[in-house]
Each structure stands twice: as C-alpha cells, then as structure tokens.
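Asks: The primary structure of each chain is shown beneath.
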Amino acid sequence: MKPEHDDEIVRAMYLAGQRRWTLFTLPFEAFQRHLESVRTETQTGSLQAADLYLSCACALAHPEALRLFECETSHVAEAAIRRVDGDDEFVRDSLQELWNRLLLGNRAKVRSYSGRGPLQAWVRVAATRVALDRRRADRRHGRREVELSEQLADSETSPEAVELKTRFGAAFQTALRGSLSRLSEQDRNVLRMHVVGRCSIDEIGVAYDVHRATAARWIERARGAIYDDVQRELCGQHKLTISEFRSLATMLGAELELSFGLGHLSTQDRGPVGLQ
Amino acid sequence: MTAVALPSEAAGCLSEEDLLAFASGQLSHEVRERAHRHLDICEACQQLLSEAVHALATARSAGVTERNEAVWSTTFRPGMLIGQRYVIRRFIARGGMGEVYEALDQALQERVALKTVTATASDDPNAVRRLKAEVQLARRVSHPNVCRIYDFGTHRASTSPPLSFLTMEFVEGETLGVRLRRSGALPLQAAISLASTLLHGLQAAHTAGVLHRDFKSDNVMLRGAGQQLEPLILDFGLARAFDRLDAQSSTSQRGVVGTFAYMAPEQLEGEPYTPASDIYSFGLVWYEMLTGELPFKTRSSPAMTTIERLTKPVPAPSTKNAAVFGALDALVLACLRRSPRERPQNAGAVLARLEQLGRLEQLEHQLGRQRSKRLLRSLPAACVLLAAAALALQHGVGKAPHATSKAAALAERRSEPAVSPLDPDAPVPMSAQVVASQPLLAPRHFGKPGVPSSAGASSKERPKLGAGTLPPAPTVSVASPLKQRHEQLVPGWENPFVATSEPPSTNMGAVLEQPLYRGSSARHSEFPEGGR
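From first to last, the protein sequence lines stand for chains U and H.
Using my numbering, you'd call the opening residue of the first sequence number 1 and step up by one each time.
Using my numbering, you'd call the opening residue of the second sequence number 277 and step up by one each time.
With the rest of the complex left out, here is chain U:
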C-alpha cells in the first residue's frame, strides 16, 4: 500500500531543499526519517521537496528554520486571518496562536505537513482555521451564519419583489431547502464551493480531478435540478403558473436560471454556510 521511497528521489528532494535553504543544513538522515513519518499515498516525487525540508527543520526546532518559516509565511497567514476579521488586535492574537499551534511543543502541527501542497497554502488554511476558531469563541463577533439557500435566494430588487417575497418567500425558501437536501452530497458541496466559496469552475475541476467542462456540467445539473424542484413545488402546491413562477424566480431567486444570483453578493457576505 505504501509507495516505495526511492532513495534517489529522496536524495534529489534533499538536494532541492539544500539549494533553496542555504542558511541552515539538515542531516540527510533526519530528512529521510521525517519523510517517512509524514508519508502519504501521494507519490514521493511529486511532493514539495523544499517545503518539506524546511518543515522538517522546523519540527526539529532549528532556530534559523523557524525564522525563515515565519518570514516566508507570515504575510500569507496575516492576510488569511484578516479576511476572517480585520481587527488589528484579532489579527495579532490569531497570528500568535497560529505560530503556537504550528511550531510549538510535541504536537506542533508542522510535524504533520506532508508536502502535498505548498507550505504557504498549508499555512493559509491553518491560519484561516485559527481565525475561525477564535471568532467562534469570541462573542463579540456574533455574525449571522449565511446559508446556501439564502445565498441562492436573497434579493431585494423592487416593490413587486418585496410583495412577492412576502406572499411566497417562505414557500420558496422551504422548496429551495428541500431541493438542496435532495441533491447528492457531492453536488451540494460542489454547488456550495461555487456559490458560497466562490471557487471557479477550474478550481473545482482541480479539486475533483475532472475537466473544467465536467465541473461546469455538474453545477448546471445541480442548478437545473433545483430549478425544476422548486418550480414543481410552487406550481403544484401554491398553484402558480409557469410564467408567474418564472417572474418570481427571477426576482426572488436573483436570476436563479442564470447564476443563482451571485452578482449582487459582495465578498463581505461570504461566511460559514450551513444546510438544514
């Protein structure tokens, strides 16, 4: 099951690390042992060699490596935290906690970095996690969670929309949620990544290792399914005609047909998403 660790590849990775980080030296055996301890199913040769070299030295608490680690990743980490909450004090405290979690003690997270993505991306995710944890723990930031169904349907465009929303808004929401719950987990996640996480078709393609056209087709399929579901429900139970439903969907669903109404959402509206 475990891939063979070809000595030549490991040595090449070691050299790549040495070339990249000239200010400290790591014994080859230490690097080899570290690689063994973080081994994953991913082919060794496709790992981030130099990043692993640095993380290995950090796991061994080499002071120069720790400093370089911070130099290279702190701006990424800070930006990630700031996206969650821009308050200076919050950013400062979160950064401190991040370094503690990543670099301190026997459970330093840096020991588990396995090189499957660049270290900067890894730190960025870790920083976001710290920030989210802190914000959750912090009552001052009782921000309302945004649900996918709300993201899909939230729109205030005209008096007619307001009136229609009053009359059919609740039914529309219920139908939308019901429809979402009937999607497969994967479709729901893909849709959520796209709508709420603002991941592009290309990025979703990478994540699922499929062509962008396939990713686009998945999203279209999910949208179509929702549209049909909601239409069936509203026209069936609430006796709307097809054309009434279309105008309602256009207003309420913020162009559900076209884009699930992303155009009017600013990035500030991004937030944790929950489905009921």
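Every clue listed holds true.
For lysine to aspartate or glutamate, the following DMTMM-like pairs were computed, each having C-alpha atoms within a straight-line distance of at most 25 Å:
id : chain 1 : residue 1 : chain 2 : residue 2
1  : H       : K588      : U       : D88
2  : H       : K588      : U       : E89
3  : H       : K596      : U       : D87
4  : H       : K588      : U       : D87
5  : H       : K596      : U       : D93
No wet-lab data here; the hints were simulated from the structure.
Start from chain U and add chain H according to the hints.
Replies: Positioned in the frame of chain U, the structure of chain H alone reads:
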C-alpha cells in the same frame, strides 16, 4: 502514519493536509466521499476547503508549486548575485515598496539591506532617473540616527526584465511599532528620551531640506540591545521616491504617500507637505510612545479612525497615562494641531521646547524644590516654558553631574530609595507610576552628562539611550516554550537562545526580549537581537 485517514482532527474536522489534498484532487474516491459527508455538516470545513482551493490557485499562479523546485514568490533567492556586487543571504520581508533582503556587499564584505523597487516601472528610464534623483536627495541626510542609503542599482538577468534596487544600512533589532504593540507605552523617561533622539534625526533631515513623508513607529528601528538601544529612522524621503516611480505605471490615486494612520490632515487633503507635516506624524508616534496607542483607536476601519482624527479634538496623553505632566501634554498636543501653521514648524522647534522642559525639570532638582505635577498642570504651558527659560538663563544649564547627586540626596531626604537614572545598577522602573516618582528629566536624557544638548553637538555623536532611560533588556529569556522545546530536542545544537543569566520574570527585560514570532507588519523585525 497516514494523513488521509478521517477524522484527522479532534472534532472530526478535515486537517490542513486533508483539505489541501482535497483541493488539489489528491484524495482517493473513498476518502473524498467521507469528506463530503463531513463537509455537509461542518461550516468551518466548508469555508476552509474554499480557502484551500483559493490558496492552491494563488500558489499555482505564483509558480510556487513547481515540483521539487518550490519556487517561492520572492524575486531573489539566497545565493543570487545582484547588480554584480550583492549576494542575497535571505529574504526578510515584503513591504509596500517592494521586498527587503539581507545581502552581502562583496566589495566591502559588509552586510546590507537590499530593497527591491516594485518591478513594474524599473525598465522605464525616465522613472528610474526620477527615482535616482529622489534617492540622491534622501542621501543628503547624514545623521547617526537616520538609516543610511548606500547605493542604487539595477539588476539585469537574461530571463527577466531589469529590476531596480536600493541598498541601505543593515539594521538589527525591532521596530518601535512592534515594541509598542507588544508591551504598550514606554516608561515616561524613555519616551521623552527617545523622542529627543528622534527629533535630532528629523532636524538633521529638515535642515538638509529633506522631508520624511512617512514617519511612523514602524519606520523607527530600535537597534542594539539592553542599555545600548538606540533608535534609527528608516526610509527617509523614500516614500515619495517610490511613489514617483509607481506613478509611471499606475493610475491609482496620486499625490498621497505615506501611511494612513500617521498622515497629517493637510496630507490627507492633498495640501502641500511641509516640515510641519512630519511634525504631526512625529507627534502621533510620540503620543503612541507615551500612551501605547494612537489618539483614536476604534474597532472600525482605518478610514473611520482617520475621519475621527480629523474631526475630533485629540485627547491629551495624560488622560491615558497619568504620568504625563502638563507641559509635556501641551507640547505633544502642539505637534498634533489640525492646522500646520499652529504646530512647531520643524523638528528643531520641537526640540527647543523639549529641551526647555528638560531644563525646567533639571532646575527643579538643582533648587531642591518639591516638584509638583499639579502646579505644572494648572499653569498654562506657555507660562511654564517662559519661566523655565528665564530660570535657565539665570542659573545656567551645564551642571548635569551635580544634578544627579542632588537628586539622590533629595530622594534620600524624602526617604525614598535613591534611584538615580544614571546608575546602571539601579532597580528597573516597572511602571509609569514608579517613573513618575523619580526625577522626570534627568540631564542624561539630552546628551551626555555635562554636555549641553544642542543640535550641533548631537549630530556629531550618536545619542544613546543610556541606563535609566530604557530598562536593561537582556537579549534572551528562557521563558518561551519554543526555546525550551528547542533545547529539549536539540541539546547539541548551538543555541542562540540560551540565556547567560535569567532575568526575573517580572523584569522589563522579559518584555523587551526579542520575540521569535511577530506579525509580518514589522519590517526588518526578524533579525536576531544584538547589533553590529
């Protein structure tokens, strides 16, 4: 050990490893199905997955993921030869103007800081010429407390467009901004002493006709260690130089350079920048030193804070730090007047008023009078200053060494511990209150004992923050768990953190210790402690 097993986090959440593997399409089908189930119920992981997806996309576009190369998004890498002369040793930080590296000047075998110029306009000969002119102007400032600029060059490589860079004095230590954010207001004496030294640097520049344009606590480096700490002003006049260069390639808002939080009102309004504008920014830094924060510190956006600063009167520093006495309050507030005409017009003018305060305090001790903060507060500052000037003329000011013994005698008479600010072995003042019980302005603060402080004298010698101005700062502390861990794991390693003598945990030394981890906002701050 395998990192793909779920749940890999305590609460069943996806680990960084899992998320990156998911985002890069490296999760097996089976594991991905399990991830989907979790993602469906975990808001945090949903958001983290999106973050991972974006992080990978960013890394890809920056070329970071080139396999086995791990090309980072820095322009230069250690070992590269720049401008036929400088060998890059390490990346230090990324700032608004470009990237900063530590480099070795091969010709002189000296460490320098190498700062790249935002790449976009480096190949425009006109822009480069203008930048050179600005740098030449900035180089006219020669003062021991102003960071020296050495060289301006262009790096040419066959594979990339030419890139301009600057080399300057390499400074070790941490910035004043970092210090203030970490440990709050400075002791009163240190804040006054530091302000005085900085004013000397600013004065030298103003005399040479150079304005800083971006004076802030993050542009002041505290270098050296312990009792040898001295401030150094960074990036003198460079704000405009870089702005000029940038102007060639961008249509963004022009005419405003500097840092929002420290800009003078006239600067924000697009009015001409004068030495009095530097004084305003200096006033803010001084305020920060005395109180640990800027006058307006709200939780809202920087823009809101700035608007507040422009529309509301500045609360006196004494409202936030009771140790600040009235005449000092008045001087700081004078620097922060809304209209530039009402401020002291340049650094020399502030310095003169500060030195008058110093003489006043000194005289009080010489005359053995009971110093009364209440009296100082109740009198209009101008009267106090006039009186001080008159007294100074009457009694002379060059009796500094005397003053100390008198102060000590006085302290003894008041049955207080005889703490002399000149005594390096004296107990370290722990708070503003303690400081307030000591002579406020000992002679040493304005130069060496017996040497009357003046612009001329101090520009020749680098005024140091002597003992008693800042508490002694051991370069190390063994309190950090990281350091303990380092020792525990690598006992044989040459350990720069090992303390020769452990300071008491309540000592200011612990506060002044160089922290290992700081935010990236601190340029240059990653240097280890200990000056050249």
